[in-house]
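Trainee: The primary structure of each chain is shown beneath.
Protein chains: 2
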Amino acid sequence: MQLNLHQTHHEIGDFEVIFKDLTEILQRPEAQGLHVFPELFLTGYPLQDLVLQKNFYLEYLNLIDDLNIWAKKQYKSANENLSLIGGLRYTLDDAQNLLKVENVIYALQPGTELKVVAVKQLLPNYDLYEEKKYFSVAADSAVIEFQGKKIGLLICEDMWASHLHENDPVLQLSKKGPLDLCVNLSASPYHLQKFDDRLKRAFEVANFLKSPLAYVNRVGFEDEILFDGQSFVVDGKSLLAKADSFKKDYLQVALPKFQAHEAAIGYTKPVSWITQFTTRLTNDKKTLKNLSEQECFEVLEGLKFSLQEYAKKTHSSKFIVALSGGMDSALVLAIAKLSLQKNQNLEAVFMPGFFSSSTSYDLAHDLCRNLGVKLTTFPIKFIHSTIRNNYRDNFQVEMTGLTDENIQSRLRGALIYARSNETGALVINTSNKSELAVGYSTLYGDSVGALSLLGDLYKTEVFTLARFINSKYPGMIPEEIITRPPSAELRDNQKDEDSLLPYPELDALLENLLSYQTSFKELVNLGYKPLDIEKIAGLWQRSEYKRKQFCPIVKIKPKSFGFGYRNPILKKNVHV
Amino acid sequence: MQLNLHQTHHEIGDFEVIFKDLTEILQRPEAQGLHVFPELFLTGYPLQDLVLQKNFYLEYLNLIDDLNIWAKKQYKSANENLSLIGGLRYTLDDAQNLLKVENVIYALQPGTELKVVAVKQLLPNYDLYEEKKYFSVAADSAVIEFQGKKIGLLICEDMWASHLHENDPVLQLSKKGPLDLCVNLSASPYHLQKFDDRLKRAFEVANFLKSPLAYVNRVGFEDEILFDGQSFVVDGKSLLAKADSFKKDYLQVALPKFQAHEAAIGYTKPVSWITQFTTRLTNDKKTLKNLSEQECFEVLEGLKFSLQEYAKKTHSSKFIVALSGGMDSALVLAIAKLSLQKNQNLEAVFMPGFFSSSTSYDLAHDLCRNLGVKLTTFPIKFIHSTIRNNYRDNFQVEMTGLTDENIQSRLRGALIYARSNETGALVINTSNKSELAVGYSTLYGDSVGALSLLGDLYKTEVFTLARFINSKYPGMIPEEIITRPPSAELRDNQKDEDSLLPYPELDALLENLLSYQTSFKELVNLGYKPLDIEKIAGLWQRSEYKRKQFCPIVKIKPKSFGFGYRNPILKKNVHV
Numbered sequence: 399m400q401l402n403l404h405q406t407h408h409e410i411g412d413f414e415v416i417f418k419d420l421t422e423i424l425q426r427p428e429a430q431g432l433h434v435f436p437e438l439f440l441t442g443y444p445l446q447d448l449v450l451q452k453n454f455y456l457e458y459l460n461l462i463d464d465l466n467i468w469a470k471k472q473y474k475s476a477n478e479n480l481s482l483i484g485g486l487r488y489t490l491d492d493a494q495n496l497l498k499v500e501n502v503i504y505a506l507q508p509g510t511e512l513k514v515v516a517v518k519q520l521l522p523n524y525d526l527y528e529e530k531k532y533f534s535v536a537a538d539s540a541v542i543e544f545q546g547k548k549i550g551l552l553i554c555e556d557m558w559a560s561h562l563h564e565n566d567p568v569l570q571l572s573k574k575g576p577l578d579l580c581v582n583l584s585a586s587p588y589h590l591q592k593f594d595d596r597l598k599r600a601f602e603v604a605n606f607l608k609s610p611l612a613y614v615n616r617v618g619f620e621d622e623i624l625f626d627g628q629s630f631v632v633d634g635k636s637l638l639a640k641a642d643s644f645k646k647d648y649l650q651v652a653l654p655k656f657q658a659h660e661a662a663i664g665y666t667k668p669v670s671w672i673t674q675f676t677t678r679l680t681n682d683k684k685t686l687k688n689l690s691e692q693e694c695f696e697v698l699e700g701l702k703f704s705l706q707e708y709a710k711k712t713h714s715s716k717f718i719v720a721l722s723g724g725m726d727s728a729l730v731l732a733i734a735k736l737s738l739q740k741n742q743n744l745e746a747v748f749m750p751g752f753f754s755s756s757t758s759y760d761l762a763h764d765l766c767r768n769l770g771v772k773l774t775t776f777p778i779k780f781i782h783s784t785i786r787n788n789y790r791d792n793f794q795v796e797m798t799g800l801t802d803e804n805i806q807s808r809l810r811g812a813l814i815y816a817r818s819n820e821t822g823a824l825v826i827n828t829s830n831k832s833e834l835a836v837g838y839s840t841l842y843g844d845s846v847g848a849l850s851l852l853g854d855l856y857k858t859e860v861f862t863l864a865r866f867i868n869s870k871y872p873g874m875i876p877e878e879i880i881t882r883p884p885s886a887e888l889r890d891n892q893k894d895e896d897s898l899l900p901y902p903e904l905d906a907l908l909e910n911l912l913s914y915q916t917s918f919k920e921l922v923n924l925g926y927k928p929l930d931i932e933k934i935a936g937l938w939q940r941s942e943y944k945r946k947q948f949c950p951i952v953k954i955k956p957k958s959f960g961f962g963y964r965n966p967i968l969k970k971n972v973h974v
Numbered sequence: 399m400q401l402n403l404h405q406t407h408h409e410i411g412d413f414e415v416i417f418k419d420l421t422e423i424l425q426r427p428e429a430q431g432l433h434v435f436p437e438l439f440l441t442g443y444p445l446q447d448l449v450l451q452k453n454f455y456l457e458y459l460n461l462i463d464d465l466n467i468w469a470k471k472q473y474k475s476a477n478e479n480l481s482l483i484g485g486l487r488y489t490l491d492d493a494q495n496l497l498k499v500e501n502v503i504y505a506l507q508p509g510t511e512l513k514v515v516a517v518k519q520l521l522p523n524y525d526l527y528e529e530k531k532y533f534s535v536a537a538d539s540a541v542i543e544f545q546g547k548k549i550g551l552l553i554c555e556d557m558w559a560s561h562l563h564e565n566d567p568v569l570q571l572s573k574k575g576p577l578d579l580c581v582n583l584s585a586s587p588y589h590l591q592k593f594d595d596r597l598k599r600a601f602e603v604a605n606f607l608k609s610p611l612a613y614v615n616r617v618g619f620e621d622e623i624l625f626d627g628q629s630f631v632v633d634g635k636s637l638l639a640k641a642d643s644f645k646k647d648y649l650q651v652a653l654p655k656f657q658a659h660e661a662a663i664g665y666t667k668p669v670s671w672i673t674q675f676t677t678r679l680t681n682d683k684k685t686l687k688n689l690s691e692q693e694c695f696e697v698l699e700g701l702k703f704s705l706q707e708y709a710k711k712t713h714s715s716k717f718i719v720a721l722s723g724g725m726d727s728a729l730v731l732a733i734a735k736l737s738l739q740k741n742q743n744l745e746a747v748f749m750p751g752f753f754s755s756s757t758s759y760d761l762a763h764d765l766c767r768n769l770g771v772k773l774t775t776f777p778i779k780f781i782h783s784t785i786r787n788n789y790r791d792n793f794q795v796e797m798t799g800l801t802d803e804n805i806q807s808r809l810r811g812a813l814i815y816a817r818s819n820e821t822g823a824l825v826i827n828t829s830n831k832s833e834l835a836v837g838y839s840t841l842y843g844d845s846v847g848a849l850s851l852l853g854d855l856y857k858t859e860v861f862t863l864a865r866f867i868n869s870k871y872p873g874m875i876p877e878e879i880i881t882r883p884p885s886a887e888l889r890d891n892q893k894d895e896d897s898l899l900p901y902p903e904l905d906a907l908l909e910n911l912l913s914y915q916t917s918f919k920e921l922v923n924l925g926y927k928p929l930d931i932e933k934i935a936g937l938w939q940r941s942e943y944k945r946k947q948f949c950p951i952v953k954i955k956p957k958s959f960g961f962g963y964r965n966p967i968l969k970k971n972v973h974v
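Protein chains in written order, with our numbering: chain W, 399 to 974; chain C, 399 to 974.
For the record, the hints were derived by calculation from the structure and aren't laboratory data. Do not take every clue at face value.
No copy is singled out in the list; a pair is fine if it fits within one copy or between any two copies.
To be verified - BS3-like cross-link-like pairs, simulated, lysine-lysine; straight-line CA separation at most 30 Å:
| id | residue 1 | residue 2 |
| --- | --- | --- |
| 1 | 530 | 598 |
| 2 | 655 | 702 |
| 3 | 573 | 530 |
| 4 | 418 | 684 |
| 5 | 635 | 573 |
| 6 | 711 | 635 |
The model shown is predicted, which means the values in this text are computed figures rather than measured ones.
Please build the complete structure, drawing on both the sequences and the hints.
Mentor: Put into structure tokens, the structure is as follows:
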């Protein structure tokens, strides 16, 4: 029996294209054997409230009707084949109002209609997942037969039972007699080294069930979630095939026989979702683990892909970045340039103010020359002066201190968006995770943008990624951008580390706080200074209001800011 | 037996004050009988990820320890009394890491420790509620005995079983023999007419159980959720007592005997959460129901309260509003003024541009005179000109069209925040729900602010509320502000209704779309023009990116924008 794994890449709700692609794939002459498509292939994922929108589900139900008509009348095949396709099953009342929705696997064969053969049992409902909000569950897992082979069916989370789940679908499958194959239809979000996690779990499940396992994942970028694909097949002992990352792909593999792993492989259960957030800390919790070469490669691919996805889905072909002469904006511009496709346009704007150094200008200029990106220099001194004068005249007070700092940042935000209004370019945000965590960015100022590429990377990781890019593309980012001390240049002689901590120390402290798992007491015992903890934790706790108004962040870590990070703005802050 | 209902008002995580207030209440000489406190009284609600934060729960567990010590050693009473107190029960491992959390009722009596007597069974997990993410559930409901009386225990959602819940706690209670009382400890968010819903349900539950029911709700404003209090007692036939709204309050009532309601009262089950969102439409779905006098009163109280709560919890005592001479900002200023307390300060800024009419100036001036609010007029023409000139010089192109419109709005956003930086005043946002729905506001421009007071009120409701205020405070808002055609005044002769629909029609169409329950086909059948539907639905679907970066909105409807509204930015839009 042939296994055909279809690692697909579709926009949410793009029903016409989904119909076209599915019917075309199944009519290919080589189509025979078992075809497996990702979880919710027929709709896309995650849908959030779209699940509930009558317009959305009526259009989806038209797709189901069209597929049924096609399958009964036009879908013919000389070979026996079976497709397993992720989709939704709706139960409606007489007025077509919603009673129930399930996340299911449809079986499709030539000449028949779509038929539900499995319903998702474990609904992830932690961090940014909220499937219990929308979907009803099944009580038992399903096995089907095809060409005399018994195939166990799992949908994504079904293979990741934790103690939070009363029933383990894998355990249920194990009680249904020997399987010839287990398939998992997934829409599994990417984070660093996620493939390793999936593979490890796949070996556990395959050896527990004594069955090969085929894992099919979707590809895409949805607001902040990356789907990396990387579908694969294991026989229990070896990885037999693996699809590409961040690309539509297709694997064809003959059904393998189960091979026991050489090592004794247990079948573990993760304890709870909070402890699943593996931190990026070294064992002593005092240093952030550096991004490895492989991780840098993955992150770069993911960031380029997400930017292109955002542009494609918003019908944009232009990008704009506000350069400061510093590290973050330089890295963002380099990533955007590396992602650039034919007929796309990227431009940079450098907006020096009273406190910008000439070095910043030189470095912004050098960077754009290296990248072949058009740079416009737009000095803001004159406007800044006019604002200062008008402010003094109208409010009878001088703009000073933070007021004078923030107005520069907000003026730049307004100007970059003016250019965006004129050209239709997407403004790419340049904030990093360290800044976001302590609120060291100006709301409506340098925090503006359609999409944040670096919002899940600490400052020290930003440097690592920049060095990685320079190792692949020598001299792309001027070395001095990487080595000069970070500064917002909003007042004289401003240096980030004067008001914060040295970045390596800051980033480790933040990762401890953001994992939720390290208490202040433990931090003190680890050697962090109480005053530093108090200061940084205070900044973190008091800056929720800024993060609430921040743009979507490309998620590349188990625990990120964004939709899955939920902390009240209004609360009594906890003190050391 | 005396019933003591404590309608409390505390900040999330304000453990010191919670300890002080609880111990003080229980030591009052009149304290005797049954004391009931709200759901999660000991922590506040909703906690979101705070539940998971080690710092948070270790501090909370200190509170529990302190209360136990106090109750055993210091809590003495001549009278027999029992307190039922909402809190969390944590189960930790040896390293104090989180294994399990439950939303519980603690019983407390003089000389004893806190003891869990009930665990919440129904965890709301729809719209902005996500308790299944954090809490474990109990399998059965609990009854306790006190002074020979049997008391059934419910926590908030426990009395609102829908078909989504397999087990109905009220049904379970009904099987445990006759009750003398049923208590519900709630943290129940406010929306229009929510008290009527609660009362109706309370009569259903009381008559089903043949028991009086005491309902205790908390008071507060948490980011966007209002808790209105309005605790009450019913005997089955009548409302015996009702506490104040949006205020800490206390009810003391002798335990009543159950009285059957005069009407035959069924025990209904809501069908699903989506259909619980009662729309604000008339039966023909073509007109928005107008806010009644009582609703206007409630909304005004709620908005004033939320603004004061936000200020108190962020330690602000100053407010600032950008006036345009139009309806929205005038209403916001009036509400802020009506909420103002001693030692607080409110100021307004009018920032006329090239296209602002002199009428706008006159009206802004009249409004501030009426309200006794200091008005600063800050013309932006000069800065706008400088920006235009600099933009032309640097980009070799004139600022025109949308670019020139948006820069004015963003400049105003930057200036109001400059003033806020200088004085520490909270910027109150002035957008309404109609604008938010179609994206008719400028990101980082007129959409800025710490808190949106009107973001859950359609434009037609904004007018209704303004007229209500004028009926209570004659002449407060100049009549012409209410009668002049709405305009953003960002270009010559701009009128909102030229680019949209007349507001009454627009608002009804939006409510149909935002309830998710009306399909395009149904809208056409109702008589809406396909081109209008296409246009408005398109604007709505394409403006998700703006709403994602919007500030918190005070929630006053069953379905609001904000945390409970979740639609992907990146998706294929559904067409008519």
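Trainee: Regarding residue 655 and residue 702, is the shortest C-alpha distance of 30 Å or less found within a copy, between copies, in both, or in neither?
Mentor: neither (38 Å within a copy, 69 Å between copies)
Trainee: One pair to classify: residue 573 and residue 530, alpha carbons no more than 30 Å apart. Within, between, both, or neither?
Mentor: Both: 26 Å inside a chain and 29 Å across chains, each within 30 Å.
Trainee: With 30 Å as the alpha-carbon cut-off, assign the pair residue 635 and residue 573 to within, between, both or neither.
Mentor: within (22 Å within a copy, 55 Å between copies)
Trainee: State whether the alpha carbon distance between residue 418 and residue 684 is at most 30 Å within one copy, between copies, both, or neither.
Mentor: Intra 53 Å, inter 38 Å, cutoff 30 Å: neither.
Trainee: Could you place residue 530 and residue 598 in one of the four classes (within, between, both, neither) given a Cα distance threshold of 30 Å?
Mentor: So residue 530 and residue 598 pass the 30 Å test inside a copy (26 Å) and across (28 Å) alike.
Trainee: How do residue 711 and residue 635 come out at 30 Å by Cα distance, when the copy is not named: within, between, both, or neither?
Mentor: Neither. Shortest intra-copy (40 Å) and inter-copy (58 Å) distances fail the 30 Å Cα cut-off.
Going through the hint list in order, the structure does not satisfy hints 2, 4, 6.
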